[in-house]
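Undergrad: Sequence:
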Amino acid sequence: MTDERGTTKFQVDLRRHLRECNVERNLTRLICEIADASKYIINSIRTGDLGVAGTSNLYGEKQLALDVLADRILEKRLKYSGVVASVISEEQDEIISFEPEHSECYSVAYDPLDGSSLVDVNLAIGTIISICKGDALLGKGRDQVAAMYILYGPRTTLMYSTGNGVHEFGMNQLMEYTLVKENITIDGDTGIYSPGGQRNLYTEGVERYVRLLEEQGCKLRYSGGFVPDINQILVKGKGIFLYPHLKGKPEGKLRLLYELNPMAFLVEQAGGAASDGRMPILDIEPETIDACAPVFMGSKKEVALAQELVANETR
Numbered sequence: 013m014t015d016e017r018g019t020t021k022f023q024v025d026l027r028r029h030l031r032e033c034n035v036e037r038n039l040t041r042l043i044c045e046i047a048d049a050s051k052y053i054i055n056s057i058r059t060g061d062l063g064v065a066g067t068s069n070l071y072g073e074k075q076l077a078l079d080v081l082a083d084r085i086l087e088k089r090l091k092y093s094g095v096v097a098s099v100i101s102e103e104q105d106e107i108i109s110f111e112p113e114h115s116e117c118y119s120v121a122y123d124p125l126d127g128s129s130l131v132d133v134n135l136a137i138g139t140i141i142s143i144c145k146g147d148a149l150l151g152k153g154r155d156q157v158a159a160m161y162i163l164y165g166p167r168t169t170l171m172y173s174t175g176n177g178v179h180e181f182g183m184n185q186l187m188e189y190t191l192v193k194e195n196i197t198i199d200g201d202t203g204i205y206s207p208g209g210q211r212n213l214y215t216e217g218v219e220r221y222v223r224l225l226e227e228q229g230c231k232l233r234y235s236g237g238f239v240p241d242i243n244q245i246l247v248k249g250k251g252i253f254l255y256p257h258l259k260g261k262p263e264g265k266l267r268l269l270y271e272l273n274p275m276a277f278l279v280e281q282a283g284g285a286a287s288d289g290r291m292p293i294l295d296i297e298p299e300t301i302d303a304c305a306p307v308f309m310g311s312k313k314e315v316a317l318a319q320e321l322v323a324n325e326t327r
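Count along the sequence shown starting at 1, add 12, and that's the number in the working numbering.
If you're looking for bench data, these hints aren't it; they were derived computationally from the structure. Do not rely on the hints blindly, as some may be mistaken.
[Claimed, not checked] Have a look at the derived ranges for each label pair, beta carbon to beta carbon:
| # | residue 1 | residue 2 | range |
| --- | --- | --- | --- |
| 1 | Arg37 | Glu111 | 13 to 21 Å |
| 2 | Gly236 | Glu216 | 21 to 29 Å |
| 3 | Arg84 | Asn184 | 23 to 31 Å |
| 4 | Gly229 | Met291 | 27 to 35 Å |
Nothing here was measured: the structure is a model prediction, and the numbers come from that model. Note that CB positions come from ideal geometry on N, CA and C, so glycine has one too.
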């Protein structure tokens, strides 16, 4: 391919980018294994059963056939990577241990198909991945060594960070991930907001916060999927996502291990912030694998304003 001056431009694929960024060999292998697994998940989304699997996950939610299939694909690829000591999936109720081939190994928490209930209406969904070193899945999000997500939309894109910025890749016609943009940053005015949860259940502080956003002229852009909504903020470089504490549900809805920690890692690496309204998401120590937390995530300015309005609320 060539640029506008006719100079030959070579596409940088994911593996090459990881090597050029001096990412540890086994971590490179793991990230590439997950990227390869996404190709099979894409095929399942395009051709698979959209019905209910007849089972429920840890949270009592009905599992779709696609949820179960995506979970099996990822678990199998992670097991046979040889560099994973343990995994925990949103679709399973316990930590699964492996026998890695290498002492330099990792643990992975993942949501195999976040937003899967949107598949039948053809909206964007995604896979969310959190990676920790060794066998330590129940630590703080600050202990992560890498995080990534894959967005299955009109285009398939992959965002990853190993603690040295956030980088975007797109899938080409050969189903290879090639570099789109390095060092994504969140540095603009808010502009857009994505509010989850029933508004009639918002607390006084959260309701006041949303009204202030609206008075500032922020446009509501909420898809119902966590991955596309966070991707929107990262790609546009501005905005705020919130799924706050609600009346009768002070812990919020989103799960720390599979959803909030990896997304907070990516957002912080892009120069943004992520808070539960009182403290950074990455500093919360989960007590259980199903721990949840409220979240305000995006531009630093708007996260700080949210904390100012809700930090002292009784929950």
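Undergrad: Is 23 to 31 Å respected by the C-beta to C-beta distance linking Arg84 and Asn184?
TA: At 26 Å between Cβs, range holds.
Undergrad: Should the hint that Arg37 and Glu111 are 13 to 21 Å apart at their CB atoms be regarded as holding?
TA: holds (19 Å)
Undergrad: Does the Cβ pair Gly236, Glu216 satisfy 21 to 29 Å?
TA: holds (25 Å)
Undergrad: Hint says 27 to 35 Å; check whether the CB-CB distance for Gly229 and Met291 agrees.
TA: holds (29 Å)
Violated hints: none; the structure is consistent with every hint.
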